[in-house]
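Asker: Below are the chains, spelled out letter by letter.
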Amino acid sequence: MIWQQIANGIATGAVYALTTLGLTMVYGVLRVLHVAHAGVYALGAYVGLWAFRFTGNFWIGLVVAMAACALAGVLIERFLYAPLLHLPRIIPLIASIGLFIAMEEAFRIVAGPYALAYDAEVRFGSLALGPLRLTGPQTLILTVTLVLLGLLWLLLSRSKVGLAMRATAMDAEITSSFGVNTRAIIALNFLIGSAMAGAAGALIGVYDNQVWPTMGSVPAYKCLAIVVLGGLGNIPGSVLASFLIGLAETLLIGIVAIPFPRDALAFVAMILVLMFRPYGLLGRA
Amino acid sequence: MLSGYVVTVLITIGIYVILALSLNMITGYAGQISLGHAAFMGIGAYTSALLYTRAEFSFWPAFLVAGLVAGAVGAVLAIPCLRVREDFLAITTMGINFVVEATFLYVPFFGAGMGIGGINPPSLFGSEISKPGFLLLVIGVIAAVITVDRWLARSWIGLAWAAIREDEAAAGTMGIDVVRFKVLAFTLGSAGAGLAGSLYAHFLTFIMPVNFGFGQSIVILSMVVFGGIGTLRGPIVGAILLGALPEFSRPAMEYRTLLYGILLLLLMRYQPDGILGERSLLVRGWHALRQQAAPMKN
Amino acid sequence: MGQKIVNRTGILIVLAAIATFVTAPALAQEAIKIGFFAPITGPAAADGASAQHAVELGVKEVNATGGIKGKKVELIVYDDRFSPQEAVAIANKLIEKDQVAGVVSGSYSGPTRVTAPIFAKAGVPMVAGYAVHPDVTKAGESNFRNGFLGEVEGGAAGEYAVKVLKSKTPAVIYMDNDFGREISAGFIKRAQKLGAAIVARQVYKFPGEKDFRPFLTRIKEARPDLIFAAGYYNEAALIVRQAKELGITVQILGEEGFDSPKFIELAGKDAEGVIIATNLDRDDPRPVVQNFLKNYKQAYNYDPDMVGASSYDAFKILVAAIEKAGTDRKAVIKALMDTRDYNGLTGKLTRFVKGEVIKPVQFQIVKDGKFRRHGVVDNPEVITPPTQ
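These protein sequence lines map, in sequence, to chains A, B and C.
Sequential numbering of the first sequence, starting at 1, is according to this note's numbering.
Sequential numbering of the second sequence, starting at 286, is according to this note's numbering.
Sequential numbering of the third sequence, starting at 584, is according to this note's numbering.
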């Protein structure tokens with residue numbers, strides 16, 4: 001049983017990493033508690049589903065979802081956050097919450113209140129790594145997450161744009177003084193981060209075979225917590241935090257069998273970590 | 286006379302006014318962002334409900350104990366909050382909210398998923414107070430909270446909070462005991478939430494853990510920011526407007542929650558200081574009017 | 584003879600025409616108001632929509648067949664957003680401003696539970712469609728419930744699991760809210776009484792849980808011969824899919840939360856063979872059932888679910904009482920108490936016991952993507968609600 005639970009934990013960690021990835025990028029450059037990221041995630045699921053129904057091809061649906069979310073992300077950055085950046089952080093937070101509520105309601109009004117099946121047949125075989133056995137869907141989610149992480153790593157570490165993005169995340173003012181157009185870099189971060197959210201929405205829609213208006217409610221707070229635990233937009237930190245939280249939750253539920261909800265267990269773990277590392281796992285003061 | 290319906294809505298709004306004012310002490314005055322205020326409202330509500338239904342306390346002592354317990358728990362939970370700042374603090378307070386809610390939901394002593402019922406409205410001189418009576422009680426509590434708020438604002442405590450809010454490190458070097466004043470903010474704010482929670486429990490007569498979740502914290506925080514954070518009038522007006530909105534938006538039927546989201550978004554975008562914050566359109570307009578009027582008097 | 588009949592019919596038609604003519608304006612003024620609240624926006628909006636659709640269908644039917652004693656029914660609909668404080672305001676508004684003859688709750692336990700004492704105090708009859716909290720009916724004699732108590736439905740499921748499905752070592756998985764806790768307790772109590780041993784018991788967070796694999800892995804380890812699963816259809820579909828994914832092949836027995844065509848859609852082929860306890864029997868030949876299934880689908884282009892059917896029944900039970908007693912609230916409450924052998928959509932209701940229904944618990948199986956009759960539990964020992 002312990003191996004199956006570890007596999008379950010890794011898969012849950014992959015789900016968290018996938019959903020959080022985009023938010024980490026956005027957070028890294030803007031330092032906004034972007035709750036509406038979860039709205040973009042749900043938008044990705046809906047657009048992906050519609051495009052899939054229209055074309056009959058899951059992968060086309062995925063690309064369309066990413067494109068739509070990239071656009072949504074750029075618009076949100078341009079028209080909502082950019083004018084609010086010089087203000088106390090609580091202002092963009094409340095604006096973001098307002099946007100998120102409006103998006104959830106808009107999905108319900110447009111697509112109906114009921115959950116929709118996302119029955120794209122994306123089948124992966126089960127995967128055995130020694131005693132560790134991942135089921136088909138678990139293999140799918142882990143593979144996709146690792147591929148996207150790899151692509152992102154290549155972009156950030158091997159390209160000039162990536163260098164500029166990392167520099168902007170570290171210190172936008174200094175980077176700007178070196179002649180980098182940090183405005184464009186921030187927008188690019190939003191574009192890529194939101195496309196990632198769209199991919200996550202569509203993939204997790206298929207993984208669970210359901211898309212519904214409030215599917216973003218849990219990721220809305222959970223992803224923020226993971227990003228912060230990872231250390232202020234530090235990408236490796238948030239990936240590490242995702243897998244740690246996924247494993248910790250699953251093992252506490254599945255092995256130790258503490259009768260306490262998943263989120264509460266995760267938050268207890270987070271608060272304990274923050275007591276020892278007040279700037280997150282890989283964050284610096 | 287006001288109808289029972291209007292009184293009911295006014296009581297709900299009044300309870301939110303207390304919640305918003307108490308959160309304003311923590312987040313507005315002392316500058317410590319909290320995404321978990323509903324947890325302390327819940328602690329107050331559950332304390333009062335348990336004392337009333339199981340320990341045969343009457344409302345009045347239960348109400349006071351609810352404030353004390355919520356304040357004490359707020360002081361204890363402020364300790365982990367001292368280690369972290371800004372967004373880390375936001376997430377820590379949010380985590381506290383989830384843990385507190387889960388405790389109510391999973392520990393049988395707190396009624397778990399069944400909630401606690403049979404929490405009657407307060408009695409005075411042997412008979413249950415009427416709904417308008419309850420409203421007067423809520424208004425009385427609001428008046429008390431405002432008095433404390435004004436006293437704090439004029440005292441050293443208010444100055445120390447302002448210093449911590451503007452620059453924590455500088456406040457420390459000036460000799461302000463940052464830890465003590467932060468804990469004080471969390472204690473007083475949580476105690477206020479506890480009193481509001483007690484009123485909420487005896488008003489609804491039945492409470493469930495979900496009433497004190499993260500969503501409720503967001504509602505309270507939105508009221509504070511909507512009205513104008515860090516002022517006295519702001520949270521009051523924010524709680525009144527957003528507290529009355531559910532009723533006034535009834536004709537919009539299935540669009541009413543959408544409307545709420547859009548309103549929040551637009552106000553933050555164009556009036557980030559809130560409706561009555563220092564730099565808001567209304568307040569600046571008021572000052573401009575007064576300046577214009579002043580020379581005319583001379 | 585024939586001539587006479589024609590004459591008489593003719594006279595009747597004329598009389599009817601005159602009656603309509605004379606009473607038409609009066610009708611518009613004197614509509615009978617019935618209050619209704621449900622979560623129409625916010626996180627629980629799907630069930631709110633089902634309840635609202637079904638009750639509005641009921642209103643149309645009643646008005647199309649002449650209303651209640653010639654008076655039209657006017658439904659006053661409010662959105663409670665799944666919030667108890669909004670529900671309290673709504674209850675007061677329905678009582679004072681709208682002066683309704685009675686109220687139908689199409690909402691969940693929380694909002695229904697806080698309004699119950701208010702309706703009780705005002706003496707306004709309230710029939711809850713599917714709210715499950717046991718205290719809803721305990722606030723006073725004006726409150727009634729059309730749905731089953733969790734304990735009753737769970738007990739019937741326990742009975743069915745042991746006696747019909749021959750389970751000796753069932754496992755239980757349920758959500759942490761009032762319904763999950765009540766229904767699983769009912770199941771466990773009955774199954775143990777009949778000699779079964781519960782081999783695993785898992786509780787998950789509602790709402791929010793989507794990954795049931797850690798729980799199911801534990802259940803698999805305990806080697807049960809049946810899994811009793813409680814949840815609403817979103818969770819139910821995930822439980823069923825993830826159980827198959829982990830190679831669990833034992834019979835899954837669900838409850839009324841599974842009872843939605845959405846469950847079958849979301850669970851896909853993994854839904855096949857799942858048995859559920861519910862109150863709606865799709866293979867019941869009575870016209871009240873078959874007409875509802877047909878008319879609902881026609882009106883909304885969806886198949887109805889348990890939430891809709893239960894709310895529809897709650898409305899129709901209230902209408903029947905008003906038909907019998909007029910609009911005097913006290914008389915309506917009395918008429919509701921005196922309900923006997925009511926021919927309901929969700930089963931034949933023998934009578935109310937302290938506001939709780941006595942009617943058989945239905946068992947449906949998913950076959951070829953449809954709910955089909957599997958059996959019924961009508962053992963009075965099980966289906967009679969506890970009275971303490």
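It cannot be assumed that every hint is accurate.
The calculated lysine to aspartate or glutamate pairs, modelled on EDC-like cross-linking and capped at a C-alpha distance of 20 angstroms, are [unchecked claim]:
(1) C/Lys704 <-> C/Glu734
(2) C/Lys953 <-> A/Asp171
(3) C/Lys793 <-> A/Asp119
(4) C/Lys704 <-> B/Glu413
(5) C/Lys852 <-> C/Asp867
(6) C/Lys680 <-> B/Glu413
(7) C/Lys749 <-> C/Asp921
(8) C/Lys907 <-> C/Asp921
(9) C/Lys776 <-> C/Asp808
(10) C/Lys913 <-> C/Glu644
(11) A/Lys160 <-> A/Asp171
(12) B/Lys416 <-> C/Asp961
(13) C/Lys942 <-> C/Asp808
(14) C/Lys827 <-> A/Asp119
(15) C/Lys931 <-> C/Asp951
(16) C/Lys937 <-> C/Asp718
(17) C/Lys852 <-> A/Asp171
(18) C/Lys931 <-> C/Asp961
(19) C/Lys827 <-> C/Asp866
(20) C/Lys880 <-> C/Asp866
(21) C/Lys827 <-> A/Asp171
(22) C/Lys852 <-> A/Glu121
Please keep in mind that the hints were generated in silico from the structure rather than gathered at the bench.
Keep in mind the model is a prediction, meaning the values are calculated, not measured.
Asker: Return the numbers of the hints above that this structure violates; sort them in rising order.
Answerer: 1, 2, 5, 6, 7, 10, 12, 13, 15, 17, 19, 21
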